[in-house]
Amino acid sequence: MFEYELQQIRSAELIRKAEHYRQAREARRAHRKENDEEGVQVRRRRVRRFRFPRAA
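Residue numbers in the sequence shown follow the working numbering, run continuously in steps of one, and reach 57 at the last position.
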């Protein structure tokens with residue numbers, strides 16, 4: 002029974018983390034949309050990295 006309770010706790014924590022991540026993503030999206038409507042130009046520069054480091 003103890004393992005079942007631990008799994009329930011882990012599951013609830015993952016659900017909370019996912020909800021927080023979703024809310025943060027929606028807040029960023031809303032902020033960008035608000036800035037775009039105001040005509041504010043923000044340079045979003047994403048640095049692309051290789052998934053695996055280069056071999057020596």
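Hints should not be assumed to be uniformly reliable.
Label-pair ranges, simulated between beta-carbon atoms [unchecked claim]:
| # | residue 1 | residue 2 | range |
| --- | --- | --- | --- |
| 1 | P54 | A31 | 18 to 24 Å |
| 2 | F3 | R23 | 29 to 35 Å |
| 3 | F51 | R29 | 21 to 27 Å |
| 4 | Q8 | N36 | 27 to 33 Å |
| 5 | R47 | Q9 | 33 to 39 Å |
| 6 | A19 | V48 | 23 to 29 Å |
| 7 | L7 | E27 | 39 to 45 Å |
| 8 | R52 | S12 | 39 to 45 Å |
| 9 | F53 | A13 | 40 to 46 Å |
| 10 | R33 | E4 | 42 to 48 Å |
Hints in this document: simulated from the structure, not taken from any laboratory. For glycine and all other residues, C-beta sits at the position ideal for the given N, C-alpha and C.
Query raised in the report: What are the numbers of the hints that this structure violates, sorted from low to high?
Result: Per hint list: 1, 4, 7, 8 and 9 violated.
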